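Student: If you want the building blocks of each chain, they are given just below.
2 protein chains.
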Amino acid sequence: MQESINLKSKFELFSDHWAPKVIAQMNDYQFKLVRLQGEFVWHEHTETDETFLVIEGSMTIEFTDRTVDLKEGDMVVVKRGEAHRPFAEHECKVMVIEPMGVINTGSERGPLTAENDVWI
Amino acid sequence: MQESINLKSKFELFSDHWAPKVIAQMNDYQFKLVRLQGEFVWHEHTETDETFLVIEGSMTIEFTDRTVDLKEGDMVVVKRGEAHRPFAEHECKVMVIEPMGVINTGSERGPLTAENDVWI
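First to last, the sequence lines map onto chains A and B. In terms of my numbering, the first sequence opens at residue 14 and continues consecutively. In terms of my numbering, the second sequence opens at residue 14 and continues consecutively.
FYI, nobody ran anything at the bench for these hints, they're computed from the structure. One thing to keep in mind: the hints can contain errors.
[What the hints assert, rightly or not] Below, computed lysine-lysine pairings styled on BS3-like, alpha-carbon distance capped at 30 Å:
hint: 1; chain 1: B; residue 1: K21; chain 2: B; residue 2: K106
hint: 2; chain 1: A; residue 1: K84; chain 2: A; residue 2: K106
hint: 3; chain 1: B; residue 1: K84; chain 2: A; residue 2: K21
hint: 4; chain 1: B; residue 1: K21; chain 2: A; residue 2: K84
hint: 5; chain 1: A; residue 1: K92; chain 2: A; residue 2: K106
hint: 6; chain 1: B; residue 1: K92; chain 2: A; residue 2: K21
hint: 7; chain 1: A; residue 1: K21; chain 2: A; residue 2: K106
hint: 8; chain 1: B; residue 1: K106; chain 2: A; residue 2: K21
hint: 9; chain 1: B; residue 1: K92; chain 2: A; residue 2: K92
hint: 10; chain 1: A; residue 1: K84; chain 2: B; residue 2: K84
hint: 11; chain 1: B; residue 1: K106; chain 2: A; residue 2: K92
hint: 12; chain 1: B; residue 1: K92; chain 2: A; residue 2: K106
hint: 13; chain 1: B; residue 1: K106; chain 2: A; residue 2: K106
hint: 14; chain 1: B; residue 1: K21; chain 2: A; residue 2: K106
hint: 15; chain 1: B; residue 1: K21; chain 2: A; residue 2: K92
hint: 16; chain 1: A; residue 1: K106; chain 2: B; residue 2: K84
hint: 17; chain 1: B; residue 1: K106; chain 2: A; residue 2: K84
hint: 18; chain 1: A; residue 1: K21; chain 2: A; residue 2: K92
hint: 19; chain 1: A; residue 1: K21; chain 2: B; residue 2: K21
Since the model is a prediction, treat every value here as computed from it, not as a measurement.
Just chain A, same shape as in the assembly (with noise of 0.2 Å):
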């Protein structure tokens, strides 16, 4: 039985940056809460589209060819294995959409790769 998921309550619940939590899922698509803050790495993911909304401040997404900034209230899609970097100069609240499964780096594995599949 689904009952209603406030986004900021969630957010009081974590306070880790660059670390996705699912606070909902629909058939096999999450919904993640994740704060950034500084520079992430550049990665890609191969297998699927990715949604990014700004819940909370603002944010960069650096693409090869171009830049896109979103602030509270934005959404962009980040197709198929189109390569990027997400970046925020000040803490941002975002909410990321995508398959169950996908990892936060991608095809990249490092530091600041995330534990998957982590409920908040």
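Given chain A, work out where chain B should sit, using these hints.
Tutor: Frame of chain A, contents of chain B only:
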């Protein structure tokens, strides 16, 4: 090439109720904006879950065994096959996320059945 999409700006592009507009697609899933006001029809989606995220205002989803109240920043995933009826006393702006092709009234057809796959 995907650019940023501002939800509030997109809502300014239409004013009709119960008529979802597609603003983005991720794989075979669509992000739809809809303005709700009044009472919708009881229906279910036999093939898929469906997500509601309230962008502005408040709404209620009535289920056969309970009622879920949603305000700005709240979301809920309605499970596949679960009969539900959305209601909004005052106009409420909502983002619906679901696979492309889903009809707003599910297995019911009537005056509130909206044209599908309308992009803004």
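Student: All hints are to be evaluated individually against the structure, with a verdict given for each.
Tutor: Tested hints:
1. B:K21 with B:K106: Cα-Cα ~9 Å, so holds.
2. A:K84 with A:K106: 10 Å, holds
3. B:K84 with A:K21: Holds, at roughly 12 Å.
4. B:K21 with A:K84: 12 Å, holds
5. A:K92 with A:K106: Judged against 30 Å, a Cα distance of about 21 Å means the pair holds.
6. B:K92 with A:K21: 23 Å, holds
7. A:K21 with A:K106: 9 Å, holds
8. B:K106 with A:K21: This hinted pair holds, its Cα atoms lying about 18 Å apart.
9. B:K92 with A:K92: Judged against 30 Å, a Cα distance of about 27 Å means the pair holds.
10. A:K84 with B:K84: 21 Å, holds
11. B:K106 with A:K92: 27 Å, holds
12. B:K92 with A:K106: 27 Å, holds
13. B:K106 with A:K106: 21 Å, holds
14. B:K21 with A:K106: 18 Å, holds
15. B:K21 with A:K92: 23 Å, holds
16. A:K106 with B:K84: Since the Cα atoms of K106 of chain A and K84 of chain B sit roughly 19 Å apart, the hinted pair holds (cutoff 30 Å).
17. B:K106 with A:K84: 19 Å, holds
18. A:K21 with A:K92: 27 Å, holds
19. A:K21 with B:K21: 19 Å, holds
Checked against the numbered hints above, the structure breaks none of them.
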